[in-house]
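Peer 1: Just so you know, the protein sequences line up as chains A and B, in that order.
The numbering used here numbers the first residue of the first sequence as 1 and each following residue consecutively.
The numbering used here numbers the first residue of the second sequence as 1 and each following residue consecutively.
These are computed hints drawn from the structure, not numbers from a lab.
Treat each hint with caution, since some may be false.
Unchecked claim - Think about it this way: if two alpha-carbon atoms lie no more than 30 Å apart in a straight line, the pair counts; the simulated BS3-like pairs of lysine-lysine are:
{"hint": "1", "chain 1": "B", "residue 1": "Lys536", "chain 2": "A", "residue 2": "Lys142"}
{"hint": "2", "chain 1": "B", "residue 1": "Lys181", "chain 2": "B", "residue 2": "Lys210"}
{"hint": "3", "chain 1": "A", "residue 1": "Lys159", "chain 2": "B", "residue 2": "Lys269"}
{"hint": "4", "chain 1": "B", "residue 1": "Lys206", "chain 2": "B", "residue 2": "Lys246"}
{"hint": "5", "chain 1": "A", "residue 1": "Lys186", "chain 2": "B", "residue 2": "Lys524"}
{"hint": "6", "chain 1": "B", "residue 1": "Lys516", "chain 2": "B", "residue 2": "Lys560"}
{"hint": "7", "chain 1": "B", "residue 1": "Lys410", "chain 2": "B", "residue 2": "Lys516"}
{"hint": "8", "chain 1": "B", "residue 1": "Lys336", "chain 2": "A", "residue 2": "Lys142"}
{"hint": "9", "chain 1": "B", "residue 1": "Lys246", "chain 2": "A", "residue 2": "Lys58"}
{"hint": "10", "chain 1": "A", "residue 1": "Lys159", "chain 2": "A", "residue 2": "Lys91"}
{"hint": "11", "chain 1": "A", "residue 1": "Lys91", "chain 2": "B", "residue 2": "Lys246"}
{"hint": "12", "chain 1": "B", "residue 1": "Lys323", "chain 2": "B", "residue 2": "Lys269"}
Given next are the chains, with one letter for each unit.
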Amino acid sequence: MLNSINFLMVGVGGQGTILVSDILSEVGMLAGYDAKKSDNMGLSVRGGAVSSHVRWNKDGVGCPLSMTGTVDVLVGSEPLETMRSVQFLRKGATIISNTYEMQPMVVTSGIMDYPTKEEIENCFKSSAERVITYDATDIAVKLGNVKVMNIVLLGTLSKLLDIDYEIWVEAISKYVPAKARDINIKAFDAGRELI
Amino acid sequence: MKELLSGNEAIARGAYEAGVQVVTGYPGTPSSEIIKTMASKYGNEVYVEWSTNEKVAMDAAAGAAYAGKRAMVTTKQVGMNVLMDSLLYTVYTGAEAGLVLVTADDPGLFSSQNEQDNRWYSRLAKIPTFEPADSMEAKEFMKKAFELSEMFDIPCLLHSVMRISHCKSVVEIGERVENPKVQEKLPRNLPKYNCTAMYARVMHAKIEEKIKKISEFAETYDINRVEMRDTKMGIICTGIMYAYIKDVFPEASVLKLGMSYPLPTNMIKDFASKVDKLYVIEELDPVIEEQVRAMGVDCVGKEIFPPCYELLPDRLYDICIEKGILTEDPRSMDVKPVEGLPGRNPVLCAGCPHRSTYFVLKKHDIACTGDIGCYNLGAQPPFEAQHTMGCMGASIGQLHGLSIAGLPEKAVCTIGDGTFWHSGLPALANMVHNNGKGVVILMDNANTAMTGHQDNPATNYRVLRNVPATKIDMENLCRAMGVGLVKTVNAFDVNEVEAGLKECMDYDGVSVLITKGECVQFNKWSSTPYTVDSAKCIACQTCLKAGCPAIMISEEENPKTHKKKCRIDPTQCNGCGICSQVCPVKAIQVKED
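Make a model of the complete structure from these sequences and hints.
Peer 2: Written out as structure tokens, the structure is:
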């Protein structure tokens, strides 16, 4: 088990980034780490960019935010948002990103262009040692609810960490509504099977 | 037992453990979750309400504390401006039980119209102020604030910031201690509770004495502590800055003040004498720094650490490396940020009832003074149709001012139902009474939506959605206030909004147009998504002018104009149909499977 891990979760307001980072913090605490998290939200829940830092440390976390160049895993719910935060990654880090694109208003207003698939791919490859990308939105829609998209990504993340499956299930069950528990666990399992 | 709590959840827990009995407040980011937690977790034991504004909340809490109940008020930083009148007299009177005010400030302006440092108010009002550094301290300091409040018979302030309120960390849960006080009557103690000038004159002298005593108490108070390490650099800090400083200056000696007002003078002088160079590092204004200098202690502060925005660890490193205060930068800079990416600002949600109003205002280029709420997103592209925004309730007063100024163009204002109750009412009364002219667009989305769907006097629930409340009808209220034309329209019908607006604009006097439509996030309603029939779409992009995040630019283009056609993201569309109403060729329809 690593002594300390820094995560950064990013996405678009409404995608559930904050909920998933809550779950990740809870997992850290249950696994014996000190855990802190910090959200950038405010009005950003209305479709703006959202980011959530999560830090685990066996010896105690000071600041709830990671500094530039110190994040171990970047989890992105939307490719443009993942791109926006790569500078937080340390050398040799991991990116897990959804590939489903959501055009921001400056793009639909014709002011700027959305990055091309090639630009996105090149950016990820040059920023991280390990890059895992797939259409998590499509998987979530096929499971029956687009809202579980983030939990699919969390499932993939869980495979990279040496933490008991039961702890993840316990944390997910604490944060999602009881009636949505099953579909969330299914989404989590689906994410685990992708790597 | 350990729990992972946000600062706001911890503040609520701390108040609960301290035996709080009455909690009032007005919602505002980043403070809103304190009352939400209070109501949902401890509502069976504690009276909780969303008051109509912060001043009303402060007076209600004061009344409860006069009656012997432990009371708490919550506000965001700008709400302190609204309640100051009430806070100042409360500091003079004290109470029969603990009274604690919580302000959650917003350095970095994540969701505020200004970046004020509320610690100035501590000095103005002479209110002892606590500044926690994480959730555990937030909980413990709430208990200490209640203790100190009762010990010295003075209200106390807990000063949080967004990075405390919205961060989560591990908290050790404690037990609730009940208030032993049982009181039958309001004390008939005029010299204590009636701030008429002859009594207030005496009260002022007493408060100066109290603050002197609390300052002496602070010298040995365990929440002010010194951590001696290397003595080359000594740092005075409070609150969240302590967490940042521990990461950035692990070698430095630190005086961590748990209470930022009043300051422990001897402790500060003693710490200063033990270090080579003294730094006061605080976000926003030099509130402590100026007091330290006034003690005759030399220090480094705002000349290095700027007064705008947050002082996050990254920024502290940048500043300290540039100024030579630190020589080594431990951050890896291997991965460069990607320049020139399209930004992503907040937008009105897909299915938002405000969309039709801003579409129509933009179409006719109508001058519009605005207010505080989600609808300020009407100032964003593609609308840019809410031309001013100042503070809660300002839109109606500004509209009145425009009409007094006698501009040839007719103007409107946009104000939501929550804001209307907060401070719009006196402004509307003023406008009617003074024979003003203009259209007040009252955007009724059924609750105080932006901050989390809190109740207001026009909702039939209070605090929690299953608790019934007395509802006041806004249409009748406006009529009773003498508004000459009151018109209610369906916010999801663009033509109805446009026709209603025209009728109101034609009226010579004060009119109110109520655009009624429930916030899409309230019951998370959504119906079958709309789709664009690309065979019919002429790529005119009129639908994009509705500014809906679910409408995307497609790869397909009109072969004649080479303009791109549009498509609708089915995962985002809530099926409100506004885009379908504005499409000139009826290319947007619900696709039946």
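Peer 1: Are Lys336(B) and Lys142(A) close enough, with their CA atoms no more than 30 Å apart?
Peer 2: violated, 36 Å
Peer 1: Does the structure keep Lys186(A) and Lys524(B) at a Cα separation of 30 Å or less?
Peer 2: Roughly 23 Å between the alpha carbons, so the hint for Lys186(A) and Lys524(B) holds.
Peer 1: Would the pair Lys159(A) and Lys269(B) pass a check requiring their Cα atoms to be no farther apart than 30 Å?
Peer 2: Not OK: Lys159(A) and Lys269(B) at ~54 Å, beyond 30 Å, violated.
Peer 1: Are Lys323(B) and Lys269(B) close enough, with their CA atoms no more than 30 Å apart?
Peer 2: holds, 26 Å
Peer 1: Under the criterion that the straight-line Cα-Cα distance not exceed 30 Å, is the pair Lys91(A), Lys246(B) satisfied?
Peer 2: holds, 24 Å
Peer 1: Against the 30 Å threshold, does the CA-CA distance of Lys246(B) and Lys58(A) hold or violate the hint?
Peer 2: holds, 16 Å
Peer 1: Please work out if Lys516(B) and Lys560(B) have their alpha carbons no farther apart than 30 Å.
Peer 2: violated, 41 Å
Peer 1: Does Lys142(A) lie within 30 Å of Lys536(B) when you go C-alpha to C-alpha?
Peer 2: Holds, at about 29 Å.
Peer 1: Decide if the proposed pair is consistent with the structure: Lys159(A) and Lys91(A), CA atoms, cutoff 30 Å inclusive.
Peer 2: Holds, at about 21 Å.
Peer 1: Is it true that the CA of Lys410(B) sits at most 30 Å from the CA of Lys516(B)?
Peer 2: holds, 23 Å
Peer 1: Please verify whether Lys181(B) and Lys210(B) have alpha carbons no more than 30 Å apart.
Peer 2: Answer holds: Lys181(B) to Lys210(B) is near 23 Å, not above 30 Å.
Peer 1: Hinted pair, alpha-carbon criterion (30 Å max): Lys206(B), Lys246(B). Please report holds or violated.
Peer 2: Answer violated: Lys206(B) to Lys246(B) is near 39 Å, above 30 Å.
Consistency with the previously given hints fails for numbers 3, 4, 6, 8, ordered from lowest to highest.
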